[in-house]
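> Chain by chain, the residues:
Number of protein chains: 2
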Amino acid sequence: MIRSVTNRDLRYSLENGAGSDAIHTNPHYSYAVTNLISGDHTGTGFAFTLGAGNELVCQAAAFYAQQLIGKDIEELMHGYGEVFKKLANEQQFRWLGPHKGIVHLGLASVTNACFDLWAKKRNVPLWKLLTGLSPEAIVSLLDFSYVEDVLTKEAALQMLQNEAAAKQQRMAILEKGYTAYDTSVGWFNYSDSAIVHNAKKAVANGFKALKLKVGSAAEEKDIRRAKLIREAVGNDIKIMLDANQQWDLQKAIRICNELKKIDPYWIEEPTHPDDILAHKTLAETIAPVKLALGEHVPNSVLFKNFLQTGSAGFIQVDAVRVGGVSEFILVSLLCKKFGVPVVPHVGDMGQLHQHLVLFNHISLGHEALFLEHIPHLKKHFVHPVKIENGVYLTPQEPGSSCDLK
Amino acid sequence: MIRSVTNRDLRYSLENGAGSDAIHTNPHYSYAVTNLISGDHTGTGFAFTLGAGNELVCQAAAFYAQQLIGKDIEELMHGYGEVFKKLANEQQFRWLGPHKGIVHLGLASVTNACFDLWAKKRNVPLWKLLTGLSPEAIVSLLDFSYVEDVLTKEAALQMLQNEAAAKQQRMAILEKGYTAYDTSVGWFNYSDSAIVHNAKKAVANGFKALKLKVGSAAEEKDIRRAKLIREAVGNDIKIMLDANQQWDLQKAIRICNELKKIDPYWIEEPTHPDDILAHKTLAETIAPVKLALGEHVPNSVLFKNFLQTGSAGFIQVDAVRVGGVSEFILVSLLCKKFGVPVVPHVGDMGQLHQHLVLFNHISLGHEALFLEHIPHLKKHFVHPVKIENGVYLTPQEPGSSCDLK
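These protein sequence lines are chains W and P, in that order. Count the first sequence with the working numbering and you get residues 10 to 414, in order. Count the second sequence with the working numbering and you get residues 10 to 414, in order.
Extracted from the complex, chain W is given alone in its bound form:
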């Protein structure tokens, strides 16, 4: 039984321009943490923010978490889809979203704490719990409201049943580890010489894919830096370019057509995250170069729209932005249905997502492409992710690896 809950506002300053991009010039990586205390176990979940207002997410999380006091975690998770629906639609609080912004970040924090507590109670890593669930148990974790015009609960169940036969074979990933890509080589405020140095070092450390922040006021700068990195690492390394919403549609079309020349693996967040139709137009204009999007997309309804328009080459749903693990899985199912790979944004620094991408591969049959890696908060986690030779080693501790010191 969940005896008590606490919410904590944890903030970490970054050094020397780390974390900077075209829009977020000086972020303080922060977590709005929920702890659910039940017997000897403490479930930990969080949402990610950039500092200011993290206290508001904590308060929203507390609003939801209070409603779980006195509940048994196994009972909650047996049908968490209904729990999620009820919390997400509390009739007064819902007005503040619905299903977006601070209230939804608060729900993410609480949902993730539930999944962590559940895995700790069962004394297994979250990936192990999730990959061991039956198709029926998985769909009961999800709220299909407003997505049933493209994916009903019954169709999702069928998809999961179809994937069951190949699950055992895909477990091979657990030994091999999940490939990582390195986001920390090319932050916006880093100098040209620093990004070249970092890129070469990352490749030497085994990474096969790197990210560069673009979206400068002077577009020549973006193009120059992209070329510098391509020259530094050669043509066998994937380079992803991330504009963090900096461009409007016209500017995006113009610059993306220039950036094409360095053969980017994707171009990420080119414009406003609510602009379904601008992404559609841009994707059609710059094909075959693909767009990656989702870091700021708050819920399954908007992801459904992006998938329906065919504008996303890669979906970067983040379980600490949408309503937590439950909605992450729902969005991953939608992506599978549309044949679009899931490459999460890791507001959690990969702690939680290392579990979720294993589940996505093993149980949903998603391609094991790669997972973003950001190292800056490692020292603050009790069980930091382990990367060796560019690969995430499969976590073995019980829970979702989200406990903070």
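To be clear, the hints were calculated from the coordinates, so they are not data collected in a lab. Be a bit skeptical, because a hint or two may be false.
[Claimed, not checked] Simulated pairs of lysine to aspartate or glutamate, EDC-like, Cα-Cα distance not exceeding 20 Å:
hint, chain 1, residue 1, chain 2, residue 2
1, W, 162, P, 257
2, P, 289, W, 158
3, W, 260, P, 163
This structure is a prediction, so every number in the text was calculated from the model and none was measured.
Starting from the known structure of chain W, fit chain P onto it as the hints suggest.
Relative to the frame of chain W, chain P by itself:
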């Protein structure tokens, strides 16, 4: 100079099922109020919520309002578009939206307080200040970020210049008053006999248009009540049906095809407010019946998408939901460009919007259709709206009529 700011959390309980709809069963109409104190004047603005979490909107408003201390209101409003852009994109706080949910409600509260203070300083009602502005002064109030693919600042200026010649003629509305429609006849929790009684009374009081809440679990109930109201008021009165997001797409198609039979003037908020493509499909399916939407649409980017898909027959942008008066005007310009009428949702009970619809008609050339009227909070305002024979009388007090007792 703005010397100090205060934020107040004001909540009002409603009686006997007033305010209830299919989703919001027991709302407490609430305002997250910003007061800007400058010399002898106090600017008042607010965002609207349904109770729980109103304190979070107050905190978000305080975050923005603190940044205005020491500024001169005339200087702020000479180029408020840039002020809005800077506030809305504060690099850490922005993560919590962007441009949606609690942070954007907070910005609405602060923006509206700025417009109120501005009008009070000039000692005129807000409608008079706005309708007296030059086209150049109007566009300088607006942030065109991410909508320039359909409306540039230059094109907006041209639109306003084109409307200038007919402004004088349209001032006739000030004498005539702006027509109201009555939302309070058919709340969700009202009995059948109550809605029939209220509808007849509203017509006797001069209203020519009424709203009924639908979205019952039992669809027969919706259809029965819609027929009851039509029979009670006859065929010359407009009836609007409001589902408050209760349906998914399939259900919306099925029920709307039934509700068509009572000849509704519009069907409002049929499904999730983020679902651009579901609205498009529904609008195409049930034409010529039109959809009204916007009560929960948070920003100009999403409104742009709805307009681009042609799914909205009426746009119900609410200046206490989007980022305040500034974004309301921008959305109204977008609507004008697409030829779609603006019929605001009145979270403000019409206090602020009575000014804005006069501006929309006189300066933008929008049709003076009608404005929602909800009477439940009248006694709490210093200058409550005045309705006579179904018409809003033009307010004469300086400011935006938003001061609360």
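> Each of the hints needs a verdict: does it hold here or not?
Structure-based check of each hint:
no.: 1; hint: W/162 / P/257; result: holds, 14 Å
no.: 2; hint: P/289 / W/158; result: holds, 13 Å
no.: 3; hint: W/260 / P/163; result: holds, 17 Å
Consistency note: the structure conflicts with none of the earlier hints.
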